[in-house]
Each structure stands twice: as C-alpha cells, then as structure tokens.
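**Q** Residue numbers (our numbering), protein chains in the order written: chain S, 651 to 1057; chain D, 7 to 121.
Among the hints, a few may not be true.
Stated by the list, open to error - Pairs of lysine-lysine residues, derived as DSBU-like cross-links and limited to a Cα-Cα distance of at most 30 Å, are as follows:
1) D:K81 / D:K48
2) D:K48 / D:K33
3) D:K81 / S:K802
4) D:K81 / D:K33
5) D:K48 / S:K802
6) D:K48 / S:K800
Said to hold, decoys possible - Here are the in silico distance ranges between beta carbons for each label pair:
7) D:G109 / S:D947: 45 to 51 Å
8) S:T787 / D:L10: 29 to 35 Å
9) D:S112 / S:A819: 18 to 24 Å
10) S:P762 / D:M23: 45 to 51 Å
11) S:L896 / D:L54: 58 to 64 Å
12) D:M23 / S:A819: 33 to 39 Å
13) S:A994 / D:G75: 39 to 45 Å
14) D:L54 / S:T683: 54 to 60 Å
Calculated directly from the structure, the hints in this document are not laboratory data.
What you are looking at is a predicted structure, and each value in this text was computed from that prediction instead of being measured.
The beta-carbon is built from N, C-alpha and C at its ideal position, and this holds for glycine as well.
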Amino acid sequence: MFRRERGRSVATLIRVLGDFDLAEDAVQEAFLTALATWPERGVPENPGAWITTTARNRAIDRLRRERRLREKTETLRQLAGLEALDRDNEMTGIPDDRLCLIFTCCHPALSPEARVALTLRTLGGLTTPEIARAFLTSEAAMAQRLVRAKRKIREAGIPYRVPPPELLAGRLSSVLAVLYLIFNEGYVASGGSLLRVDLCDEAIRLGRVLADLLPGEPETEGLLALMLLQHSRRDARTDGNGDLVLLEDQDRSRWDHEMIDEGLAMVDATLGRGRPGPYQVQAAIAALHARAPRPEDTDWPQIAALYGVLAAMVPSPVVELNRAVAVAMADGPEHGLRMLEPLAAELGGYHLFHSARADLLRRLHRDGEAGEAYLRALELAGNPAERRFLERRLAEVDPSGFRADEP
Amino acid sequence: MQYLLLIYGDERAAAAMSPGELEVSEKAWYDYDGWLRAQGWKLAGDALQPTSTATTVREQGGAVLTTDGPFAETKEQLGGYYLVDCEHLDQAIEAASRMPIMGRGSVEIRPVREM
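Chain S extracted, bound-state conformation (with noise of 0.2 Å):
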C-alpha cells in the first residue's frame, strides 16, 4: 500500500514543484509522520490524500524556510503551485502524474541504466542501498547515478509530461523496455542467487500500472503478459540447493496456476487486436510452454515459428539462437546446431551461446566437443547457480576431468 500510494504523492508533487528531491524529501517526511501516528491515531480514511496534503505541508515549511535570493521566483512559483493544490480532486492523484513520471523518467536522453535508477526509486519507491544491492553496484555509485539523472532532467529540459501522438510509440517502447530490464534483473540476476524476486514483483506491478494508466496499449499487454507467464515459474525454477532447474525438469505443479491463467488470457486479447509486436510474439512463446502439462506435450515447431515471427520483427543473433534451441527440439539437434554456426561470430562472447550449443553436442553423443563448448561457457557465466549447472554437466561428458584440468 505504502509503495504504491508513495509513487501517486510523489509525481504529484514533482508535478507541481518541478523538482524531484524536494517532491522525494517531502513524501518521505509525510511517511515517517504517518509511521509514527497512525498507530495510534488509526488510518485516516484516504490514506493516499493525508500523505500528499502532509507532503504539500512539508514542501511549504521547507520553501518558506529557505530564502534563496536567486531562486526566489522560482520558489514563489512553487509556493503557489502548492497552495493551489486542490483537495478533492488533486489530493487524490490525477493517474495522469504517475504516467508523466513514468515517460519522464524513461526519457531517451537519459542513458538506460539512469532510466532502470530512476524509475525504481521514484515509481517504485526502493530506497538507493536497495536497488544498489540489486544491481551490484556501490550505494555511492548508485546515488551519484539518481543524482546525474535528475541533473540531466532539469538542466537539459526534459519535460514533464506525456508524450504526444506522435511521439507516444516510441516512447512507450522505451518505458516497456526499462520494465523489462527490471524484471529481467530480478529473474537472472547477474550475481548471487539465480532469483532476485522483488524486482520481478516490482516490474509486474509497474507494468500493470502502466496498462491501468494507458489502457489498449497490445505491447504493453504482451509485456505484463510475458512477465507473469515467466514469474509463474519461479517457484520451480531453482531447487533446495539454489541450483537451476531447467524447463524441462522443473516440477510444473508448483508454477504459479493462478498468474499463468491470468497471463494466457492477456495472450488471448491482444491476439484479437491485430497490432502485433515482439513482446507479444514472445508472450506467445510463453504461453505455449505454460499451456504444455509436460515438457513432451510442448508444442515446439510452433515456438519455432513464433521465432521467426520475432526474428522477422528484431533481428537478432539472440533470438535466432533461441530460434536454433526450438528447432533442435523440434527436428532434431543436428538442425539446431547447423542454426547456431553462423552465430558463433556474434555471439562468442556470451555463456548462453556455448552452453546451448554444449547441449546439442551432449545430446549427440559429441562430448569431446560437448566438453571444451562447457568449458567457454564457463569462462564467460557469472551467476554461481549457472555455474553449478554448468559444472555439473561438463561432469556428466568429462567425467575424468581431463579437460577441466588442461591449462
């Protein structure tokens, strides 16, 4: 609740005062307030308005308090802006401020990493040690990275606002792929455990937002859809130790039956809107894999095509690798592998690359090959539950660990 009402005051706030630490400074107070006397007091009937009008106080105590000379217009404005607050209707939250914060925070100006920052404290109300923990980053690093970002903003003058017509595509591509950097944070984390799963909720909740705020967006749709589908898999996808569970290992009873319902039929409605798009495509694939009741019920030549629809839409070496995967299900390993050849050049710097072609060989009975292709892939992983996996199958096709000792 406290999330959610926090991300409403703050980009009324930054609305009217035009500045994101003062909004961000004066929320915080309003909250430590209500952390402090609503136990005793009990909650006020609009939990949301008692936390903007405490905030707006705050934000007036403060401005009055500081007489700067040179930003004396500026704070009379803001001054005013506040005072002019109207109860019923302001107090509450326009849902058009969240959507401005939101578009403002993922400004194309802004560097993506600054986008992700950004976001995740004003909209999703994580302190700077959290989402610095998340990133592995210093909180230092992280601080100075906000502080760079809402420098850029004002100085460089990127407004506050909805983007018009004209420009709402694109920049809705940008929010959608800030969200999904998030998510994609929190489901293979970079370090530490495979799952880091409050930024996947955090996403999620973002994300559904952002489609309560600006509804009839497919992709939008395609994204949550696409989110859900893959957190629904969560509970499954390590196991006691830690250790990743491939998809086709992974105990399907403990999915999460619930969102994967929820996430099938977002799949089913954006189908019928006919404006198709890569995270709908990918939603698709999902929910094929979440529609199979086990592995050998997936339906993989669909998947196959599904990425080559996607390929079509973003080129990439890394959907045709994931195309490759598909088919080697499909028709078999030897077609996957003659898939990932072309890719080696482009892709030799990532683990995914070598691991999935290790498994073709392996499945092939190649295990000389099967075993150097682990090999690289462990010089290039860095999460320790892949590692682990990786570790465990170049047991499997080295059992003398001869290669594993070769300098």
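Based on these hints, arrange chain D on the given structure of chain S.
**A** Just chain D, lined up with the frame of chain S:
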C-alpha cells in the same frame, strides 16, 4: 530554453558530391531553415567552412600556440550549427531530427547555460 545544435558529418563525402547532389542538399537545408523559422525557434544558424580552413589556438609553455587544423581529428567533423530557443528538449530533438543531415551524420544538442 536555448539549445546549440552542433551538426556533424563526413566532410570528405560532402566534398565529393556532384553538382546535382549539391543542389538537392542546398534546397533541403533552405527548406529546413524555413521550417525552423516558422516554428519560431531559430535564433541563429550557419554552415561552416571545412576543417581544412580551421585554426586552433591554445596555450603551451606560457605562450599562445597557433596550429593549423581543427581541435581534434574526428571521424565526423563539425560542419554547422543552429542556435534555437524552444520550450523543452523534445522540441530541440524534433528540430535536430528534421535536419537534412539525418542518415549522413549526427547532431549534438547542448543546452546553453543560463547565466
């Protein structure tokens, strides 16, 4: 807000244009200039002579050093600029994206520091 739009392109490619291509290019810039003025955004703008005509001045060892050539050798060279006054960055981005240099170079947008 004022922004300086710095236009970068490949000088050698520009120099190698045929008279026909030059004419097309000049018309495109002429039309662009008209559009920018109609928006009410244009404050100033010029094409620059190529980097072969540049002179760089800096101080070295306590003395003023003058050398032939641009500040730095780069893959794309500064070929022109526009100074615009508009509401916010998205308008500056729109101004940059409509320039005939698109597809053959890039535009750097720098907010002008307000004193």
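**Q** So, for every hint listed, does it hold in this structure?
**A** Status of the hints after comparison with the structure:
no.: 1; hint: D:K81 / D:K48; result: holds, 28 Å
no.: 2; hint: D:K48 / D:K33; result: holds, 18 Å
no.: 3; hint: D:K81 / S:K802; result: holds, 27 Å
no.: 4; hint: D:K81 / D:K33; result: holds, 26 Å
no.: 5; hint: D:K48 / S:K802; result: holds, 23 Å
no.: 6; hint: D:K48 / S:K800; result: holds, 28 Å
no.: 7; hint: D:G109 / S:D947: 45 to 51 Å; result: holds, 49 Å
no.: 8; hint: S:T787 / D:L10: 29 to 35 Å; result: holds, 33 Å
no.: 9; hint: D:S112 / S:A819: 18 to 24 Å; result: holds, 23 Å
no.: 10; hint: S:P762 / D:M23: 45 to 51 Å; result: violated, 37 Å
no.: 11; hint: S:L896 / D:L54: 58 to 64 Å; result: holds, 60 Å
no.: 12; hint: D:M23 / S:A819: 33 to 39 Å; result: holds, 34 Å
no.: 13; hint: S:A994 / D:G75: 39 to 45 Å; result: holds, 43 Å
no.: 14; hint: D:L54 / S:T683: 54 to 60 Å; result: holds, 58 Å
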